[in-house]
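Undergrad: These are the residues of each chain, in order.
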Amino acid sequence: MLDQSKTDKITTDLLRPIRLNKAFVLWMGFLGISLVICLYAYTLQLKNGMVVTGLRDYVSWGMYISNFVFFVATSLIGMLISAVLGLSGAKWAAPLARIAEIIALAFAAVAGLVIISDMGHPERLMYVFIYGRIQSPIVWDITVVSVYVVISALLLYLPLIPDMKICYNKLEKIPKLNRWLYKILSLNWNGSLEQEKIIKNSTRILAILIIPVALAIHTVTSWLFASTSRVGWDSTIFGPYFVTGAFVSGSAAVIIAMFFYRKNFKLQDYITDLHFDKMGKLLVLVSLVYLYFNLNEFMVPAYKMKKFDAIHLNDLFAGSYALMFWAVQILGLVLPILLLLFRKMRKPLPITIIAIFVIVGAWFKRYIIVVPTQEHPYLPIQNVPLNFKIYSPTLTETLITIAPFILVLIIITLLSKLIPVIPVHESIHQNEETQNEN
Amino acid sequence: MSEKEEKPKKKSRRDFLQNIGLVGVGSVFAGSAILAGIKYDKKKTPGARIKVLTAENELLEIDKNDTTKVKITKAEDLTLLQKEGREGIAGKRWVMVVDLSKCKNARKCMSACQNAHHLRPEQHHINVLKMQEGKNTAPFYMAKPCQHCDNPPCVAVCPVDATFKRPDGIVLIDNERCIGCRFCIAACPYSARVFNWATPVLEEEDKNKTYNVELNVPQRKGTISKCLFSADMLREGKMPYCVSACPNGVYYFGDENEDAVTNGTTKETVRLKKLLEENAGYRLMPELGTEPRVYYLPPKNRTAPFQEKDKSEAEEHLDNNKD
Amino acid sequence: MFRKHHFIKISLTFLITTLFYLHSFAQNWDIPDDKKTKNANFKFTNQTISEGEAIYTKNCMSCHGNLGKDNSLKTLNPIPPDLASVKTQERTDGELFFIITTGRMLMPSFKVILSEEERWKLTSYIRSLNKKYVQIVSETNTSKSNLIKIKMDFDSLTNKLKVDVKANETSGVVSLKDAEVMLFVLRYFGKLQIDKTVRTNNEGIATFNFPKDLPGDKTGNVDLVVKVSDEIYGEVETQSKFKAGIPTDKPSLTEKRAIWNVLKKAPIWIIITYTSIVLIVGAVLLYIIYSLMKLRKLGNN
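Chains as they are written, first to last, in the numbering used here: chain A, 1 to 438; chain B, 1001 to 1323; chain C, 2001 to 2301.
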């Protein structure tokens, strides 16, 4: 005997956030205005050229590229939670899968835009498809990132099909357009066994496929650096180093999103302390692996102190980047690991604060990977103005760097207002299963 | 620690927001003085003997008056220049030899190059560096053009074939194609590439010129520029701008297939192998496997001492932990 | 004791260096009298001036600057003079010709680079801004160089090149004795001198050792230039092709497949890897879309 009232409660709880309220309008208004300001900064760059940035001939990749790496990194979490945990049968992660996929889709899609902001001739983007050289890591990167966006979108969509039907059936007081959208997207779902099977199979195939693709997007991103002979980039472990780092920032992003949804969407019954506890343990695990790769990445060259490695590492450890470097390593990695070992620290609020530290650290970590290396070329930097030797980002550049974050927030906000962030159909299903077991 | 004046500046690196005014626009207009020098290569020489390369790759010397210029429309002209520019000069393998013992930091190469390619004062296709490799080793001046590697890391990473290597060894950049991703700058270990961050100095004057990939003029905002071994000059049988501008006999230029290089100052032609053998010629960073086409002769028995005033700058690049 | 010794050494070095520089400043070009009075055997015209200008631009301007603009390269020691200056213009044509020919210290010799005619044309350009200048045209040996006949003979066994220099006098053919002969191979930017400068023997023959490893064209041909200078007959140059070099036909540098080469010449493994990955992923995605279409169809029934 099924508890119909329980099912109804789940449905109402999870569909409740799908409505327009004042907070949403205010929030979107704020995001919209901020985006317009940032886009104005970008028009300045289009008009005057990249001279409006702090980039110059020696440090020619700066915040935009750091940002790109950060965005690609954060999007990797979709693969970890919905594919790796899903396939390994970790049931606790199921309610988080959609949040992870939303984050993955938003960050991966925007990453493509970030790279365009770094181009001197953005209108020539099509040339990559017309004249693309498959020997260039950029072409690989564009290929795998687009594939990843498609797969993430599908992985988000497939489990959503039954939910679309539920939305269509249950949400009646919404604009016609939205209802029409739900109808289209529900693909004539009728809950038959055959349909269930198709969804299950397809999801499984995609979950398997996304693992190598996700590994590829970040490995290839790391190869943008590792394929050069530059000090600090010329490393064979850059692929796994980047991938493990990606899980750290992605897990932190999911924790922050969980906290926000739980509080604002009143989902305390669905995103429980247990989820935060598990995510905390996951974050410790991936951070430890990342710490291990950090040790390899810095310890091995620091032991030998080869001429140019020494210049680079001295600048990181004790030079002009020392403050940033140690802040990132200690506040963004070592301390979070230590704190999260305590159960109390894995409660929603403390873990969210820790996750904010981790994600800020992760952004600056990308900056440290991208920028200092270029200030230490093999041949001396001479006969150029001072701002060629030392990179300092400009306000315009900073605004253009902020724009992708706003875009990500807009995408996430819109998606959370269109679809239930916790899978409804699956939650009902799981509820039924637990009841049957009893 | 060397007491460099830039040091205090470094501390403000994180003050992102304070730097709005320091974009470096000040240097933007400083390059207008470049205009004057461009003309001198264009002088007409009626009746002069010129060298022309036939389709069969034979070098003939004919009277310039006997040639008639083929009139072509602008669009065709561009197609032709692009085609020629990608094909290069058949049968050649250009090579440059830089004799460090003769460099006196006169910097005529740098200015001739900037004039020819319409560059800003801070853009260098060729840069004379003050080098010091170890605490007790002697400082020296080193002219550094693009090394035109036979295994070019910059060309490898280009996503759109905008920078490419020609059959004759020259690495060129096509700014009609370049998307401005600057991956090549990141990949070049010799820091040989520059970017047009702002509007090029002579944009107005060059507005109606057809783009010549062998000269990279007109320069274009948002694209890369780099040393081209003066491919346009080579086609005319002349030596690169920097090579012929040097007053000190630093540069030799020639064809590896002919085993001959000609000194840009004295115009003396010598055998490449012999020159490299007798002077212990070497290449920059051979360990990277880039196979440069630029060779260096060590700064032994120098014709002029290293200037005292340049010593601190040369030392800057040493390990910053030195005492 | 040591320090005193040291001091003396430094002072001495300093003194010698100073004297040397003073000497080089003060010292005039050591030009033999018979060279001073030498003159061109053709009239300087606008044509020779403009040809001379082209030679000047190519060979002299980087140090001497533009003629009459006083913008020679002042950082050199000694400072190269502006050649339109009074001091230079006071020299005779013969002196200028001698200076161009032999060179001294920083000034390179143009004896090999430029032919006699070119050197005179250069002189005519240097004179072009001087309004007071009146040319003296040499009346002797005007067309004697036309009489010279040069025969070149390459022996591929011994790799020796024999140059036979004769003059067709009205009295009959005579051998040019003790004439200066130079042998060059034409290269892209200039003439590469082969062996040393040789003087002809009593039979008018000069022999050169040709290197065994000099690259020629595809068939081994090289363009040889022989330059004969004689006190009486003047200077003469001839050019001819000989199969004296190594056949050279190096492939173009972009022939092999490589990571850095164009798309068409990408390494096979990259092409295979990239294409197969794209195809596999594409096929899977198509299958998923097909499944979704099937799912939609099932709902219709």
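Do not rely on the hints blindly, as some may be mistaken.
[Said to hold, decoys possible] Derived coverage of chain B by chain C (criterion: at least 3 residues anywhere in the stretch with Cβ under 8 Å from a Cβ of chain C; other residues may be distant):
{"id": "1", "segment": "1127-1133"}
{"id": "2", "segment": "1141-1152"}
{"id": "3", "segment": "1160-1172"}
{"id": "4", "segment": "1234-1246"}
{"id": "5", "segment": "1276-1283"}
[What the hints assert, rightly or not] One side of the interface only, derived from the structure: several residues of chain C facing chain B at Cβ under 10 Å:
{"id": "6", "residue": "Met2061"}
{"id": "7", "residue": "Pro2211"}
{"id": "8", "residue": "Lys2212"}
Think of the hints as simulated: they come from the structure by calculation, not from any bench. Since the structure is predicted, the reported quantities are computational estimates derived from the model, not experimental observations. Note that beta-carbon positions come from the ideal geometry of N, C-alpha and C, so glycine has one too.
Undergrad: Evaluate each hint against the coordinates.
TA: Comparing the hints with the structure gives:
Residues of the segment 1127-1133 of chain B lying with their CB closer than 8 Å to a CB of chain C number 0, which falls below the three-residue condition for coverage. Counting residues of the segment 1141-1152 of chain B whose beta carbon lies closer than 8 Å to any beta carbon of chain C gives 3, which reaches the threshold of three, so the coverage claim holds. Restraint check on the segment 1160-1172 of chain B versus chain C: 7 residues with Cβ-Cβ distances below 8 Å, three needed, restraint holds. Coverage of the segment 1234-1246 of chain B by chain C holds. Counting CB-CB distances below 8 Å, 6 residues qualify, and the rule asks for three or more.
With 0 residues carrying a beta carbon less than 8 Å from a beta carbon of chain C, the segment 1276-1283 of chain B misses the three-residue requirement, and the given coverage is violated. This hint holds: C:Met2061 has a C-beta 8 Å from the nearest C-beta of chain B, less than the 10 Å allowed. For the restraint placing C:Pro2211 at the interface with chain B, the shortest Cβ-Cβ distance is roughly 8 Å, inside the 10 Å limit, so the hint holds. Taking 10 Å as the C-beta contact cut-off toward chain B, the hint placing C:Lys2212 at the interface is violated, the least distance being around 12 Å.
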